[in-house]
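Participant: Take the sequences, apply the hints, and build the full model.
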Amino acid sequence: MFYREAGQFRTSYAQDSQIFPLRQDRVGIIIMLIAAVMLPFVANSYWLSAILIPWLVLSLVALGQNILMGYAGQLSLGSAGFMAVGAFACYNLILRIDGIPFVVAVALSGVCAALVGIVFGLPSLRIRGLYLAVATLASQFFIVWALDKFGWFKNYDPAGVITAQPIVMFGHNFATPREKYWVVLAIVAVLALLAKNMARGSIGRGWMAVRDMDVAAEVMGFSLLRTKLQAFAISSFYCGVGGALFAFAYLQTVEPSAFGIDLSFRILFMVIIGGLGTIMGSFLGAGFILLMPIFLNIFFHTVFGKSVDATITSALEQVIFGVMIIMFLIFEPLGLARLWQLTKERLRLWPFKH
Amino acid sequence: MLDFWFFLEVLVGGLLSGTMYALVALGFVLIYKASSVFNFAQGAMVFFAVLSFVGFMELGLPFWAALPVTVGLMILVGMGTERFVLRPLVNQSEDTLLMATIGLAFVIEGVAQLAWGVDVRRLDLGIRDEPINWVMDKTGMLVSQLDVTAAAVAGIMVAALALLFSHTKVGRGLRAVADDHAAALSIGIPLKHIWMLVWATAGVVALVAGMLWGARSGVQFALVWVALKALPVLIIGGFTSVPGVILAGLIVGAVEKLGEVFIGPFFGGGIEGWAPYMLAVLFLLIRPEGLFGEKIIRRV
Numbered sequence: 007m008f009y010r011e012a013g014q015f016r017t018s019y020a021q022d023s024q025i026f027p028l029r030q031d032r033v034g035i036i037i038m039l040i041a042a043v044m045l046p047f048v049a050n051s052y053w054l055s056a057i058l059i060p061w062l063v064l065s066l067v068a069l070g071q072n073i074l075m076g077y078a079g080q081l082s083l084g085s086a087g088f089m090a091v092g093a094f095a096c097y098n099l100i101l102r103i104d105g106i107p108f109v110v111a112v113a114l115s116g117v118c119a120a121l122v123g124i125v126f127g128l129p130s131l132r133i134r135g136l137y138l139a140v141a142t143l144a145s146q147f148f149i150v151w152a153l154d155k156f157g158w159f160k161n162y163d164p165a166g167v168i169t170a171q172p173i174v175m176f177g178h179n180f181a182t183p184r185e186k187y188w189v190v191l192a193i194v195a196v197l198a199l200l201a202k203n204m205a206r207g208s209i210g211r212g213w214m215a216v217r218d219m220d221v222a223a224e225v226m227g228f229s230l231l232r233t234k235l236q237a238f239a240i241s242s243f244y245c246g247v248g249g250a251l252f253a254f255a256y257l258q259t260v261e262p263s264a265f266g267i268d269l270s271f272r273i274l275f276m277v278i279i280g281g282l283g284t285i286m287g288s289f290l291g292a293g294f295i296l297l298m299p300i301f302l303n304i305f306f307h308t309v310f311g312k313s314v315d316a317t318i319t320s321a322l323e324q325v326i327f328g329v330m331i332i333m334f335l336i337f338e339p340l341g342l343a344r345l346w347q348l349t350k351e352r353l354r355l356w357p358f359k360h
Numbered sequence: 251m252l253d254f255w256f257f258l259e260v261l262v263g264g265l266l267s268g269t270m271y272a273l274v275a276l277g278f279v280l281i282y283k284a285s286s287v288f289n290f291a292q293g294a295m296v297f298f299a300v301l302s303f304v305g306f307m308e309l310g311l312p313f314w315a316a317l318p319v320t321v322g323l324m325i326l327v328g329m330g331t332e333r334f335v336l337r338p339l340v341n342q343s344e345d346t347l348l349m350a351t352i353g354l355a356f357v358i359e360g361v362a363q364l365a366w367g368v369d370v371r372r373l374d375l376g377i378r379d380e381p382i383n384w385v386m387d388k389t390g391m392l393v394s395q396l397d398v399t400a401a402a403v404a405g406i407m408v409a410a411l412a413l414l415f416s417h418t419k420v421g422r423g424l425r426a427v428a429d430d431h432a433a434a435l436s437i438g439i440p441l442k443h444i445w446m447l448v449w450a451t452a453g454v455v456a457l458v459a460g461m462l463w464g465a466r467s468g469v470q471f472a473l474v475w476v477a478l479k480a481l482p483v484l485i486i487g488g489f490t491s492v493p494g495v496i497l498a499g500l501i502v503g504a505v506e507k508l509g510e511v512f513i514g515p516f517f518g519g520g521i522e523g524w525a526p527y528m529l530a531v532l533f534l535l536i537r538p539e540g541l542f543g544e545k546i547i548r549r550v
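Protein chains in written order, with the numbering used here: chain A, 7 to 360; chain B, 251 to 550.
Misleading hints may appear alongside valid ones.
[As the list claims (entries may be wrong)] So, partial list: chain A residues that the calculated Cβ filter (under 10 Å) puts toward chain B:
#, residue
1, 99
2, 103
3, 124
4, 133
5, 136
6, 138
7, 151
8, 274
9, 275
10, 318
11, 322
12, 331
13, 335
[As the list claims (entries may be wrong)] Just the calculated beta-carbon pair ranges, DEER-fashion:
#, chain 1, residue 1, chain 2, residue 2, range
14, A, 165, B, 369, 25 to 33 Å
15, A, 199, B, 309, 56 to 64 Å
16, A, 268, B, 342, 19 to 27 Å
Hints are computed from structural coordinates only; laboratory data are not their basis.
Even glycine gets a Cβ: it sits at the ideal position worked out from N, Cα and C.
Facilitator: This is the structure in structure tokens:
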């Protein structure tokens with residue numbers, strides 16, 4: 007079963023450094039992309055707007071968190087704060103600049119988040135590990151507080167809530183879930199490809215060198231200042247873009263407290279469960295964390311019937327989440343992506359093991 | 251001209267509430283010292299401990315019976331944590347262990363709510379959160395009775411722990427484990443027992459902290475966030491120092507209250523939520539190992 011690389015030779019450097027060296031992988035990716043584009047013709051709008059769009063958006067954010075945590079090894083608990091920056095920057099850009107295309111606004115809000123990320127990444131030059139985690143918590147609390155406190159960010163809305171403007175590009179209003187899904191899919195696909203290339207290029211090698219031993223990396227000639235701040239900036243850029251899409255394609259009405267520390271933890275869990283330091287892991291982890299409560303809910307309803315209290319199911323859900331985190335850390339610290347890889351390797355030899 | 255007594259009142263209030271933070275942070279330090287685990291679940295333990303205590307009282311147990319039962323429960327939690335979380339993860343990096351304790355926090359919070367429900371309970375310790383009369387008569391300052399009691403309890407706890415660390419066999423074992431796990435094991439110190447003991451002690455500290463916080467603000471889920479407030483205290487004090495944490499607790503409490511009253515109005519208030527963190531970050535930039543923390547020397 008499955009495919010193997012027999013008969014596919016790499017005869018030039020260009021072939022050797024291809025992103026997907028196996029023909030089957032390339033075909034598989036293309037089929038997946040086509041399927042993803044065609045999906046809205048099959049899925050109904052509940053699936054699109056309640057599952058697929060948030061999944062893609064959260065994957066993007068998890069990707070950002072993974073760049074910082076999995077590749078550059080800087081433990082951060084503040085990703086939701088950077089999402090908030092992205093969301094509110096996007097709102098203000100569209101509000102204050104007439105006729106700005108949505109994609110430009112999203113990109114610029116990513117840049118805003120990146121700038122904020124650089125500022126809050128500065129402590130990482132002096133401190134590491136746990137201390138850094140606490141420093142990133144500071145950014146989380148500060149950002150949410152600032153967005154909450156200063157009315158300007160919310161255009162002085164009396165309720166303190168912003169309503170995302172319609173997504174307008176090239177004179178077209180992307181209003182239906184299907185159109186929004188395509189917008190999100192396009193942005194996420196481009197950024198994921200970019201991340202994959204950064205991770206396997208010199209930038210990514212710098213991150214990994216710093217992750218594995220920062221002093222050694224510095225001795226080898228990596229500038230810690232540049233590498234760490236780069237990781238913070240790019241990670242926050244992804245989180246910012248994710249936040250903007252989260253607000254515009256998914257939530258519609260947003261208040262700063264939607265980007266609380268709970269969301270940061272959820273993103274952290276996505277990365278742990280999906281797999282640290284893998285691109286695919288971010289997608290798997292986001293899907294897992296997003297779908298798991300839905301499945302549990304269905305499960306509880308079928309087992310206990312409608313009578314069961316919502317507080318009990320949410321508490322049970324919490325326990326199951328916690329147990330799964332611990333189990334993954336103990337049994338498969340590299341997450342779902344590693345499990346997938348192991349399965350692939352098994353299948354390569356199957357059914358003739360020896 | 252600033253009113254001197256008002257300033258003093260705010261300062262004293264801040265210092266006293268700082269001791270409450272220090273009490274929570276103490277649980278972190280205990281565990282970090284012995285097992286270099288940053289226990290994110292400390293807040294959940296505070297919540298779980300005091301919720302169980304109130305729960306047992308509601309089941310009809312008197313105060314003095316509920317206390318040992320809850321202590322026993324916290325010891326069980328500590329043992330369970332050692333067995334099912336720490337032992338399989340021995341020799342993993344600090345970051346991994348931190349993430350595991352985040353998972354543990356979820357489990358404990360969930361179990362607490364499953365077992366005792368989500369209602370806000372009231373805890374009456376017989377000490378009222380009211381100003382002490384004679385202080386008010388003498389100086390016009392409002393100093394809460396509960397704050398003073400909490401400070402006294404925190405002082406007693408710290409003294410007891412300091413004695414335990416320096417004057418008992420167990421304490422020597424604790425310090426040995428903190429210095430070097432492998433070396434301590436090799437001279438026959440039972441690592442597992444020490445870890446269990448430490449987690450159980452942290453559980454008891456959590457119970458005391460929870461009771462004081464619970465008496466002030468009701469026994470509710472928000473107690474979990476108190477632990478997050480304790481993080482800046484830890485940073486400033488250093489993860490490994492008991493006196494450092496006490497001092498840092500006082501600093502954070504004072505800065506928080508003074509900042510809220512005298513600087514907060516310029517920003518429209520509410521800076522309490524992040525001011526301690528900012529203080530901690532600034533502090534880190536100058537002294538990354540905290541006030542009394544051990545200097546970190548890294549080799550390639």
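Participant: Are the hints correct? Go through all of them and say.
Facilitator: Status of the hints after comparison with the structure:
no., hint, in the structure
1, 99, "violated, 24 Å"
2, 103, "violated, 27 Å"
3, 124, "violated, 15 Å"
4, 133, "holds, 5 Å"
5, 136, "holds, 5 Å"
6, 138, "holds, 9 Å"
7, 151, "holds, 5 Å"
8, 274, "holds, 7 Å"
9, 275, "holds, 8 Å"
10, 318, "holds, 7 Å"
11, 322, "holds, 7 Å"
12, 331, "holds, 3 Å"
13, 335, "holds, 5 Å"
14, 165(A) to 369(B): 25 to 33 Å, "holds, 28 Å"
15, 199(A) to 309(B): 56 to 64 Å, "holds, 59 Å"
16, 268(A) to 342(B): 19 to 27 Å, "holds, 25 Å"
Of the numbered hints listed earlier, those contradicted by the structure are 1, 2, 3.
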